[in-house]
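Protein chains in written order, with the working numbering: chain A, 1 to 349; chain B, 1001 to 1388; chain C, 2001 to 2220.
Calculated from the structure, these hints are not laboratory results. Do not take every clue at face value.
Said to hold, decoys possible - Selected chain B positions facing chain A (Cβ under 10 Å, derived; list incomplete):
(1) ASN1027
(2) TRP1141
(3) LEU1189
(4) ARG1215
(5) MET1283
(6) MET1368
As the list claims (entries may be wrong) - List of simulated lysine-lysine pairs, PhoX-like, C-alpha gap at most 20 Å:
(7) B:LYS1311 with C:LYS2027
(8) B:LYS1311 with A:LYS325
(9) C:LYS2110 with C:LYS2027
(10) A:LYS93 with A:LYS153
(11) C:LYS2110 with B:LYS1248
(12) A:LYS79 with A:LYS93
As the list claims (entries may be wrong) - Far from chain B, by Cβ distances over 12 Å, these chain C residues were calculated:
(13) GLY2069
(14) THR2087
(15) VAL2182
Just so you know, even glycine gets a beta-carbon here, dropped at the ideal spot from N, CA and C.
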Amino acid sequence: MQVMTELFARIFGDGLSPVGLLVAGGLTMALVMSLVMALCAIVFTWAERKVAGFIQSRYGPMRVGRWHGVLQPVADMVKILGKEDIIPRDADKRLFQLAPFVIFVGSLMAWAAIPFAPGFIAADLDLGLFYIFAVSSAASIGILMAGWASNNKWSLYGAVRGVAQGVSYEIPLALACIPVVMITGSLNMNDIVIAQQGGIWRWHFLHDPFLFVSFLLYFVASIAEVNRGPFDLPETESELVAGYHTEYTGMRFAFFFLAEYANLFLVSCIATAVFLGGWQPVFGPVFLPGLVFVTKAVLLVLLQMWLRWTLPRLRVDQLMHVCWKVMVPLALVCVLGAGIWMLATGQAG
Amino acid sequence: MSETATGRGWAEQDVRRELHSELLEINMGPQHPATHGVLRLLVRTDGEIVHGVTAHIGYLHRCAEKIAEGCDWRQWMVYTDRFDYLAPINMNFGYAVAVERMLGVQVPERAEHIRVICAELQRIASHLIAIGTFGLDMGAWTPLLYCFREREEILNILERLTGGRMLYNYFDIGGLRFDAYEGFERDVLDFVNIMEQKIPEYDTLLSYNKIFIERTADVGVIDVATCRAYGCTGPVLRGAGVPFDCRKDDPYSIYDRFEFDIPYGEGEQGTVGDCWDRYMVRMREMYESCRIIRQAVDALPGGPVKAEDLKKLVKVPQGSLYTRTESSKGEIGYHIFADGGSKPFRTKVRSPSFSNLHVIEKVGPGMMLSDLVATVGSLDIVLGEIDR
Amino acid sequence: MEATAIHALLQSRFGDAVLDYVDSYEKGSLVAAGRVGEIATFLRDDATLGFESLMSLTGLDWDGYDATGKGKSVDILGYDELGRPETSDRVGDGDLGVAYALYSPRHGHKHTLFVRVPRAAPEVASVAAVWPTAEWHEREAWDLVGIRFAGHPDLRRILLDDAWEGHPLRKDYAMPGAWQGVPLDGRDYAAGKWTEADVTLPDDVKRPEDAKLPDTGNQG
């Protein structure tokens, strides 16, 4: 928000009170973030289909927009806007209508604390990392609302699975970030990024072996957290039809979609900021920080897509097994290990 | 089976009664992505654990057996195409062999060889779909597309040969409807050469994938006794460790001349007769089919493709006969009753998927919902032949 | 074992229940309908026979079967040129029957059991307890031919709708004109050629507005 408030201050000079500056900056930032989210969904739906096509030895969309179907998402959006908004007769109407927005808002709120570039952060919170984990769990509520309100047994299955998975995987997800917090001594996202200044060897994932494992744990847990293959149990195509969003159509369905891709990018952004040096380049001085950040995050997203289109899906008990019996203990070991490492190398204050 | 066993034990505890909870009845199908057609499974579940499965079939029923009573012997061949629409040639083959046995017709050598080539190509095509859709049931999308890539080649050959891509109606009583086109052997050999190289690709992509093994090994175990009792045949029976194949054990056509092995499940990744074994049997059968095709192409003689002493309107002498042949899904049997006329008096089609599906009611209870999907996928059913 | 030997063994064991030796393309025995169950159990369990596999179970209607072998079986009823279901005064006669195609995986021999039951009381002992696969095959035979299987655990229609009238594979089966108010005659009734008066509905089949579909389970 710094960037925005400075910008407004420069434009209006003293014409705007500090409160006014804050409000104007905040609103602009919210708008920018919403646009980023929408852009994510647009770019990533296209990318997903292209990646899937590439992996599956076919082309993917090729027609709309002349060059490799670049306008396909636009066509999809127009189509989805024109769809009838169907609410099942026996559905709980209010919850049914509200659910997509709860999921969407939960995702949007988390964006506030992502540092895209020096100063380009909507809310430079001291508890940034904590805040992100807190608000992004709101998505679980939305999933449960959607599944329950649909009054469809398959949706309910998807919702229950989704919530169980979301709640479980938040634990390794957060635990995996704790070693980083220990090293930087801060939950502030900016501080975490700044601590990684000075080339790839200073990035947290290469800090010590325990952090490298933590990074892998974070990456796996994040895939599960956003319900994507091989952990896409809440919407298992072949078992639950489409899971919690089976009954949704039109724009409401689009919101689920939007939230899914926004979340995908969000967890990649967090990984970038926490483990992969944020806007810090591989070597040399800071250069085009926003672009560096987005490039790293997009590469992570592509990696997630690659996994999704390659691996089969786990079963629900195996999923829980991986979480509680493998990842959580391993994450705890990493926390302990990272602490010992700090003591041994004299980094501990 | 450890998970499923504990699952059943858990459910049978008094916990449920204390919680006053009920079983959830849920319809899997008739419109459901995992049922491979219009099949409806009424599943009673307790959370993720299945307590009972009832299969409701008949959505595709056309009473082809009644239609048979109004067709003459040759005409009904068209309807056999429609049973297993993923392997129509194998269905044709069974009916042709059945009627020819009753007639005592000698099919020309060339026709027999082309029949075997077509049937084995079709078997590969059908297994490719079985493997691909099974992967899809496990959430692996990509193998399906690779399988379709190779299947496309088979369809191209069969299209050039017969004019159809899905329903061929190529076999005739006493031979084939017409001879193969120029260059058929070359096309087939080209395909076999490619196919044999592609099978290891599927292995790396799916068969030995850790998650895939976790999902399929020890899941949906169907042992030999159950197979015998429920009449399961084909890859389901062979997956249970019995090297039984009608092509070898009840030979028909010219299969006794070819050298090939019968793959069977050995429980490499888990228990004998689990989903992985059934899957792997299909995978290995594609190799064997390639071997048979090579030999058949090498031995392909010239000459006519129709039995010459056969009239247009066939009349089958009185009597009955049950004939079984090996389709890609299992034993396809035609129990034919003839009264000496130009129309079949009664033809009963014993379709492999019909019996293979029945077993789900037996093995389903105690599984997890995802395992049920996996097991139905591994049975490789086609509703066209179940409902007929 | 040879089919004649199997037949002799059955005869020595069951006496009157084994009626005749069937010598067709396939060899088999004609047995009494009421005792199929015990004969089946013997066939499966006897060590020298070992018929563990019931390959197929066929229900059939012998009505119109031409014993002379000239093949003049009765014509099945279909629809006339106007698309109306054909009707006929002929009431079917002749027995109904069941054929069991058996195979012994242990010894590799085959045998076919035949059963004939009077049309008026088509009841055969069920073999579902002997070969579980018969459960569905018997349901099919009941559904399409209308043979009752005594002792079957769950004898209901399998391929047709639970409320279907008649058994289509009977030779005297007439096609229905409509099914729950939907005409089945294949004519283009959207073009106005069909009126409700053209279709005679069976008494207990109701028009769509008051038709109550059988309750066959919950909504997904």
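Consistency of the hints with the structure:
1. ASN1027: OK, holds: B:ASN1027 within 10 Å of chain A, min 8 Å.
2. TRP1141: Result: holds, 6 Å to nearest chain A Cβ.
3. LEU1189: violated (23 Å)
4. ARG1215: holds (6 Å)
5. MET1283: This interface hint is violated because 15 Å lies over the 10 Å limit.
6. MET1368: Result: holds, 6 Å to nearest chain A Cβ.
7. B:LYS1311 with C:LYS2027: violated (28 Å)
8. B:LYS1311 with A:LYS325: Since the Cα atoms of B:LYS1311 and A:LYS325 sit roughly 73 Å apart, the hinted pair is violated (cutoff 20 Å).
9. C:LYS2110 with C:LYS2027: holds (8 Å)
10. A:LYS93 with A:LYS153: OK: A:LYS93 and A:LYS153 at ~16 Å, within 20 Å.
11. C:LYS2110 with B:LYS1248: Distance of about 16 Å is within 20 Å: holds.
12. A:LYS79 with A:LYS93: violated (24 Å)
13. GLY2069: Check fails; 4 Å does not lie beyond 12 Å.
14. THR2087: Check passes; 16 Å lies beyond 12 Å.
15. VAL2182: holds (16 Å)
The structure is inconsistent with the numbered hints 3, 5, 7, 8, 12, 13, although it conforms to all the rest.
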